[in-house]
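In order, the protein sequences belong to chains E, X and Z.
Per full-length UniProt numbering: the first sequence = residues 1 to 199.
Per full-length UniProt numbering: the second sequence = residues 1 to 245.
Per full-length UniProt numbering: the third sequence = residues 1 to 227.
Derived from the structure by calculation, the hints contain no laboratory data.
In this text, a Cβ means the ideal position worked out from N, Cα and C, and glycines have one as well.
Mixed in with the good hints there might be a few duds.
Calculated lysine-lysine pairs in the DSSO-like style (CA-CA distance at most 27 Å, straight line) [to be verified]:
hint : chain 1 : residue 1 : chain 2 : residue 2
1    : E       : LYS121    : E       : LYS99
2    : X       : LYS156    : Z       : LYS180
3    : Z       : LYS145    : Z       : LYS135
4    : E       : LYS146    : E       : LYS122
5    : E       : LYS5      : E       : LYS99
6    : Z       : LYS121    : E       : LYS99
7    : E       : LYS122    : Z       : LYS135
8    : X       : LYS81     : X       : LYS156
9    : X       : LYS156    : Z       : LYS145
10   : X       : LYS179    : X       : LYS154
11   : Z       : LYS111    : X       : LYS156
12   : E       : LYS111    : E       : LYS11
13   : E       : LYS49     : E       : LYS99
14   : Z       : LYS30     : X       : LYS64
15   : E       : LYS121    : Z       : LYS223
16   : E       : LYS122    : Z       : LYS145
17   : X       : LYS154    : Z       : LYS145
18   : E       : LYS18     : Z       : LYS135
19   : Z       : LYS37     : Z       : LYS111
20   : E       : LYS11     : E       : LYS128
21   : E       : LYS121    : Z       : LYS216
22   : X       : LYS65     : E       : LYS146
23   : E       : LYS146    : X       : LYS33
24   : E       : LYS146    : Z       : LYS37
25   : Z       : LYS145    : E       : LYS181
26   : E       : LYS133    : E       : LYS18
27   : Z       : LYS180    : E       : LYS18
28   : Z       : LYS145    : E       : LYS133
29   : E       : LYS11     : Z       : LYS67
Non-contacting residues of chain Z with respect to chain E, defined by C-beta distances greater than 12 Å in every case (computed) [claimed, not checked]:
hint : residue
30   : THR24
31   : ASP113
32   : ASN117
Residue strings, one per chain:
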Amino acid sequence: MYGRKAYQLVKEFASGEKGQLAPFNSDLFEQVVAECSQHHKELQSLIRKIEEEGLDIQTARNADYYGALIHHLALVRNKRCLMAYMYNRAEIMPSLSWKIGHVLPKEIEEKLSHSEVEYFKKHSAALKSCMSKLMVDLTVDMVPPKDPYIQVRVLDDIGEGIVLSDDRTANFVRHSMHFLKRTDAEPFISQGLMEELTS
Amino acid sequence: MAGQSNHEPSLFSAEELEFIAEDEIVDIVPNIKMGPLNLISGDFGPFTPQIVTQAPLWLAIALKKRGKCSICPPQWMSDEKLTQVLEAERQSQEISDQLPFHYVEISRLLFDHAPDNIHEIYKVRSLIEDIRNVRFHKVQTDLEAFNGRTIAVKIKNLSAMEVNIVRPFIGRALQAFLKHDSPELIPDPERVSDRTPHVVNNAPRVTGLTKVCKKCLSMESLYSTSVDEPYTVHTHSNFPKTLNR
Amino acid sequence: MASSSGMEEERDSMEDYEALISTTDVELLKRAWRNEKAAPEILRFEFQLVSRLREQIELMEDTIHDKSTSSTDPLFLSLFQMDFDRTLFLLRSYLRIRIQKIEKYMFHIRKTDELWNRLSKEEKEFTEVCIEDLKQHLEESVLSKLPATYQSILRQSVTSEKDDMVPEPELDTFVLCRSKEYLTGIQLEDGPVDDRSKLFEMEPGVLHFICYKSIKALVESGKIDLL
């Protein structure tokens, strides 16, 4: 049946997990492309036949005309499906650049066609260049910020004059309490030298 | 290039709702002396011990966390007030207008960060929980009253969180109604054979103000649509010469 | 509808206060951010607002830097830092949503003057590059393999009379909105001409779910906020 394979291709995409890429189905894809060429060949031969019979294509309404029309419509449908398949896959690439950055992990790259890999690279370069022109990194701060400071108690003498990320220095004496950036405190907390105090 | 997904990422996440609610203003009682804060988001303070002043929630919570103030819960968060609201919610199908748009987020933030400033916290917490449940049940009943004639819905007093939960559903349902009622999709068998398409209104008719669901005043279907107009199906049979190359 | 109460008075004075502080640029950006998030199409870029806020953010960054080297109270500093973080988040999120809309509707935005003129210079450049890249990808993978008369990226075939393969935002999406003032005479855009006299009213502060198309103009003129 005309259009069956193209439909399978689109269905394969649609039944996949949202936002996830399945391996590029080049086999089925090429079969649909071949079907398109076949439709076009038959379409042209029918049109030639109509012309050879001395009929005007604009007005002819015989079996050959409707045959040609069906090939045309089947071809358009196939094109739409091929484009939908490619386009929807391509739409996932930008969201990948947002989520995983500018380098494709091997396991994703394996699922892409050559052209898709190129597209990913170009698109993430475009995004990068746009952000540098805007002078704002848009890939961070995906969720609203929370109070970056936490209250901690020092459990053991860590030392004096420790320089923090905001250039301040602090004296971490045993049992002293401090308000620190979470990022500054985390290494000490994980070493068991500090504990976070919750209200 | 067919097939587009809905623009769902644009819905507000729970974190974003909380972020918005954190700009709500509350009263605080500082226990330190501190000059005015000239911030990008506004000027606050000066802060004087024991003198009530106003601050956005995020600032109030930050000061509270650092032990620099106590927060005065808003009036609606008292157990007497909430008891009244719960009573009112139970007695009427209407949703009470006594709670602010962000009541869920505000109360949760205060439970988490200023529990010691809330009088009768256990009672308050369970009252809010009960109110949420009652209201939710009402919203669900209201949704059942939707039909294909609803093209705009007025929502009284629904809170941010409640809105966020029903939003995808209402949005999609109304859109589906609109689509299925759309003349473009409904073939009229008598006209299909007609070669010259009739120009007809290709949009749902607005038949005027009808309150479909009187029983639930909180959500009124303001306008209704009808599809009694006939129309034609666009037959795709143009097939010009240009294809022959 | 509801009987007036002390609560309402409190609400009113709250609203007055909100009106007072809503003049800050952060409030304005928050409104623009919510509108942009909720609208299906790309809205006008807030040129002046964004440039004002960029200045304020830079200023705050300098302030924080200066204060952190001096012996300023760390409490003070952390509050400035939070204010800075919140504003920067809003700005980033606002710019990000717009970039993501461009990624989704680049072809449509490029060929629709009204939308194209809403973009900033950087956004325009980004759109052009995106189109070039995606076009090349689709041509290489699909279009070049099709018969010549079916190779257009915008049209299904040469028989299409207009661009019929361009993804567009759905303007009949239902959105949630709230009016700041009492609005009368909202036309439901789709309504047939003879019904246009029947107009829609919106009370201030009351939420409505409504078809975006019908209130599009009011969102653009700033009379209605999406949320």
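Evaluation of the provided hints:
Under the criterion of a C-alpha separation no larger than 27 Å, the hint pairing E/LYS121 with E/LYS99 is consistent with the structure, at around 14 Å. Distance hint between X/LYS156 and Z/LYS180 is fulfilled; the C-alpha atoms sit about 15 Å from each other, no more than 27 Å. For the given pair, Z/LYS145 sits about 14 Å from Z/LYS135 by alpha-carbon distance, which is consistent with the 27 Å threshold. With a C-alpha separation of about 34 Å, the suggested pairing of E/LYS146 with E/LYS122 is violated against the 27 Å cut-off.
At roughly 33 Å between alpha-carbon atoms, E/LYS5 and E/LYS99 are farther apart than 27 Å, so this suggested pair is violated. Annotation: proposed proximity of Z/LYS121 to E/LYS99 holds, straight-line Cα distance about 25 Å (limit 27 Å). With a C-alpha separation of about 12 Å, the suggested pairing of E/LYS122 with Z/LYS135 holds against the 27 Å cut-off. Annotation: proposed proximity of X/LYS81 to X/LYS156 holds, straight-line Cα distance about 20 Å (limit 27 Å).
At roughly 56 Å between alpha-carbon atoms, X/LYS156 and Z/LYS145 are farther apart than 27 Å, so this suggested pair is violated. This hinted pair checks out: X/LYS179 and X/LYS154 have alpha carbons roughly 20 Å apart, not beyond 27 Å. Among the hinted pairs, Z/LYS111 with X/LYS156 is inconsistent with the structure: their alpha-carbon atoms are about 40 Å apart, more than 27 Å. Our distance criterion of 27 Å between C-alpha atoms is met by E/LYS111 and E/LYS11, whose separation comes to about 17 Å.
Annotation: proposed proximity of E/LYS49 to E/LYS99 is violated, straight-line Cα distance about 55 Å (limit 27 Å). Between the alpha carbons of Z/LYS30 and X/LYS64 the distance comes to roughly 25 Å, so the proposed pair stays at or under 27 Å and holds. The suggested pairing of E/LYS121 with Z/LYS223 is violated, with an alpha-carbon distance near 42 Å, which exceeds 27 Å. Of the supplied pair hints, the one linking E/LYS122 and Z/LYS145 holds, its CA atoms being roughly 22 Å apart against a limit of 27 Å.
Annotation: proposed proximity of X/LYS154 to Z/LYS145 is violated, straight-line Cα distance about 52 Å (limit 27 Å). With a CA separation close to 24 Å, the supplied pair E/LYS18 and Z/LYS135 stays within the 27 Å bound. Using a Cα cut-off of 27 Å, the hinted pair Z/LYS37 and Z/LYS111 holds, with the two alpha carbons roughly 22 Å apart. Annotation: proposed proximity of E/LYS11 to E/LYS128 is violated, straight-line Cα distance about 33 Å (limit 27 Å).
For a cut-off of 27 Å, the pair hint linking E/LYS121 to Z/LYS216 is broken: about 36 Å separates their Cα positions. With a C-alpha separation of about 12 Å, the suggested pair X/LYS65 and E/LYS146 falls inside the 27 Å cut-off, and the hint holds. Our distance criterion of 27 Å between C-alpha atoms is met by E/LYS146 and X/LYS33, whose separation comes to about 25 Å. Between E/LYS146 and Z/LYS37, the direct Cα distance comes to roughly 21 Å. Compliance with the 27 Å bound is thereby established for this hinted pair.
The suggested pairing of Z/LYS145 with E/LYS181 is violated, with an alpha-carbon distance near 57 Å, which exceeds 27 Å. A hinted pair counts as satisfied when its Cα atoms are at most 27 Å apart, and E/LYS133 with E/LYS18 does not qualify at roughly 32 Å. About 38 Å separates the Cα atoms of Z/LYS180 and E/LYS18, which puts this hinted pair outside 27 Å; it is violated. Taken as a hint, the Z/LYS145 and E/LYS133 pair is broken in the structure, with Cα atoms around 37 Å apart against an allowance of 27 Å.
Between the alpha carbons of E/LYS11 and Z/LYS67 the distance comes to roughly 59 Å, so the proposed pair goes past 27 Å and is violated. The non-interface label for Z/THR24 is consistent with chain E: the shortest C-beta to C-beta separation is roughly 18 Å, beyond 12 Å. The beta carbon of Z/ASP113 sits about 22 Å from the closest Cβ of chain E, which is more than 12 Å, so the claim that it is off the interface holds. No Cβ of chain E approaches the Cβ of Z/ASN117 within 12 Å, the least distance being about 19 Å, so the stated non-interface status holds.
The structure fails to meet hints 4, 5, 9, 11, 13, 15, 17, 20, 21, 25, 26, 27, 28 and 29 from the earlier list, while all remaining hints are met.
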